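Colleague: One-letter residues, chain by chain:
Number of protein chains: 2
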Amino acid sequence: MLKDFEKSKPEDKEIVSTQIREMRDELFSYLQGLKEKKLPVLVLVEGWAAAGKGSLIKELISEIDPRFYNVITPPITPEREARYPFLYSYATAIPENGKIIFLDSGWVESLVRARLRLEITQEEYKRRIRQINEFERQLRDGGYLVLKLFLHIDREEQAERMERLCEKAETAWRVTDDDLWQQREYRHFLKCYDEVLEKTDEAVHWHILDGKKRKTAVRDALKLMTGKIKSALEKERYVGDPFREEFPLVKMPLLSEVDLSPAIEEEEYKKELKKLQNRLSELHYEIYMRRIPVVIGYEGWDAAGKGGNIRRVAYPLDPRGFDVHPIASPEPHELNRHFLWRFWTRLPRSGHISIFDRTWYGRVMVERLEGFCSEKDWKRAYNEINEFERQLTEWGAVVLKFWIHIDKDTQLARFNDRQNTPEKQWKITDEDWRNREKWDLYEEAVNDMIRKTSTENAPWYIIESNDKKYARLRTLRIIIKALEDACSHAFERQLG
Amino acid sequence: MLKDFEKSKPEDKEIVSTQIREMRDELFSYLQGLKEKKLPVLVLVEGWAAAGKGSLIKELISEIDPRFYNVITPPITPEREARYPFLYSYATAIPENGKIIFLDSGWVESLVRARLRLEITQEEYKRRIRQINEFERQLRDGGYLVLKLFLHIDREEQAERMERLCEKAETAWRVTDDDLWQQREYRHFLKCYDEVLEKTDEAVHWHILDGKKRKTAVRDALKLMTGKIKSALEKERYVGDPFREEFPLVKMPLLSEVDLSPAIEEEEYKKELKKLQNRLSELHYEIYMRRIPVVIGYEGWDAAGKGGNIRRVAYPLDPRGFDVHPIASPEPHELNRHFLWRFWTRLPRSGHISIFDRTWYGRVMVERLEGFCSEKDWKRAYNEINEFERQLTEWGAVVLKFWIHIDKDTQLARFNDRQNTPEKQWKITDEDWRNREKWDLYEEAVNDMIRKTSTENAPWYIIESNDKKYARLRTLRIIIKALEDACSHAFERQLG
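If you read the sequences in order, they're chains A and B.
If you're matching positions, the first sequence starts at 2 in my numbering and goes up one per residue.
If you're matching positions, the second sequence starts at 2 in my numbering and goes up one per residue.
Just so you know, the hints here were simulated from the structure itself, not pulled from any lab data.
There may be inaccurate statements among the hints.
[Claimed, not checked] Quick list of simulated restraints, FRET-style, between CB atoms:
(1) A:E267 to B:A329: 54 to 62 Å
(2) A:K216 to B:D418: 28 to 36 Å
(3) A:W440 to B:F6: 53 to 61 Å
(4) B:K216 to A:E332: 34 to 42 Å
Keep in mind that this is a model prediction, so the values were computed, not measured.
Don't be surprised by glycine CBs; every beta carbon is placed ideally from N, CA and C.
Just chain A, with the same shape it has in the complex (with noise of 0.2 Å):
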């Protein structure tokens, strides 16, 4: 892409400035439309050092009203790159409805930067370039106009400039060790940002721009910019088409299946929790040594014993080292985002644990059982959300997801005993009867979920409740055995 990148031919200055000021008259207005239609742009702005990209992003912005943009540089310090997964700090970056984000620098730069650093493996790299691939085609297809440029400038423009910088005291603080190291590698860097514009050419298509040629490359961006957004505006908001990749899946039984009779004794539970909590609090510092962070979702009948299901999991943790999350409805500022939004912000660090109390499975049953989400948004989501697990999972998170089960008999005996203890009333809503009423609708979706999104690397695990002392006990043992697992495998994968 950037091998052959022809430079473009000279042009009238005086032209090219009518054409900008024009562009941006065009731009200005459709920006109360972009609020109303509640599009949301992401424009990426990738490119060689001093080439240009601050300007450029500086005339692009200059006849914006700031209400409907804002200008980020992703913070990569050393802290997020090794405590987060790799895409963690554009995806919790991304525009709300009806804004415009403009990235100086990000998931290339990134990417070409570890690679030549060395930091990462051949398989990892690999891994990242399809990452990038899922994560554009997912805002792709949840509405989002995504806007790829990359400003280029060959080795000996780019030496030239950084002279320039280097020349006078109030500029040369500007060329940094990194880009001194960018100009001297030129062409191994060019190799690199090549291979990987070439191949995250997929879901969105990049955009070569001369940087050599400041105005018409403004222009060049302007035109693009307002062409596009123009054509999302006449058109209805873009939804995207299931998209199926195979996932090893592990076969699992309808919940009607599942024998919800195991059950235990008070005396036993009492014993094997004790001993159930003492191994996971030893684990828990375990894996806060080995930096693996571990992300464990709650889902299941309401009455189910989530609840104290999670609080028996939680009270052996150091409460330095994890956070519970309850998902209630979006707020408004997180229905305004791609629905893994709310998820990716609230991810643990490494070594830390993340309980989540309902998930982003939201999606695919009460989201698409009340109508919250279209047809195409929910059956689109299996896969998004398989897509996002392994993103977790190649990072080095354990992700466990537990469908806490009863049956409707058991629910109803529960719902009935709240109802009728003063202390437990608030537990029981209106809410909840109506959605006991849905119960087949529910058990179809949930059955269809379960089906569909327990891969090998993020499987989901019934677990028989209507003994919730069974329950607790069982999922401890679960997560013990899978933080074991990775204890063990995380040094040999640390290798790679």
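We have chain A already, so just place chain B on it with the hints.
Modeller: For chain B alone, coordinates are given in the frame of chain A:
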């Protein structure tokens, strides 16, 4: 406080255990009320290394449903400490209404370490103590229940515990170099903790717990929590009286006294604008290099020209180094916290510029006039804002506040223009017309605000904007002057 701490007498273990169980039940019974009465609770747990802060918190949360609490270990990274105000990590971590936040170490730990590491001057140390008292009072006055616990052990006990941890490979890593330093310098830490506790016993009192007796410490902490929550739930939500500190104020004219005739010719405007923008662009790099944070707040009449003014200021800035924050009415998660929270979370890193299009002064204008807060709330806010802004300038920030001023006729002309120009119609709403009817009330509120919050460190500038071009040049000149001054004083400042 610590020096004369009397160890508690030995107690019967069985009795203490029973008391813990009872208190847990009691605490549990208040949780729903906490939510209903929207009471936010902040439990700060400070104390010696190895005193058992983590275990104490673990016991406190063990019966609480995760929906009601979060444990936060403030991420004190060097980046955060160096680039944000002292209280940033805590002010951004306060609970929302109806939730409990447990802070595992907080401002005391941070201050004592900075002091003993000799990272701050004696003067800065005193300022931070004052800031802590301001912060705690503001929370208390805003209806927060703040509970401050200090877990105390003596030098021998600490030594023993650390030795025990160091004996085994599985636990040795938990003793950090910092902990060992504390053990060696126990005497100095004791003196400093003692002093800080003594001096921050103002708005919210300290409770010292005997860390040697784990069970009684848990019992005592639970007793305090339940007692305080109980009495907070029984009373009306606490609202503090206006607190008055004499801030050195700049004398300001009334709005009606401002001469709005200044204007400028197009020709001269263009020339000057370019010159000033170039200068601002240079200065932006300089404040970036010198790590000076800049906070610019815009308020003004509807249609006064805030947006265009901000655009002219933003245009010459490097987009990587500034943000514009348009402030609309608060979202639910913002409304559920102290009114300054959504501004704390939007502060710039040092070396960056944050421009606020409308600000925290909404409290004493729209919230006052529309009754969105109580009279005590907005009357208290002048002082709270002065304290907030002083904390910013003490951190090293340049804080500038512009009131973009026009007269009533000019507003009417601009409203009509907006109404009659299709591309501008989105800028005018019914609310604008309604606000216009309340011009006189607003004028009174603005006069109060400008008079009470024009502190020497963060004065208001009334910008004559009947001629928008004149106004733009004037704000640019004020910003340039302030940044030049800050740059020339920055080095002296850092020397102390």
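Colleague: Each hint: holds or not?
Modeller: These are the hints, each one checked on the structure:
no.: 1; hint: A:E267 to B:A329: 54 to 62 Å; result: 55 Å, holds
no.: 2; hint: A:K216 to B:D418: 28 to 36 Å; result: 33 Å, holds
no.: 3; hint: A:W440 to B:F6: 53 to 61 Å; result: 59 Å, holds
no.: 4; hint: B:K216 to A:E332: 34 to 42 Å; result: 40 Å, holds
Hint check: no violations occur; every hint is consistent with the structure.
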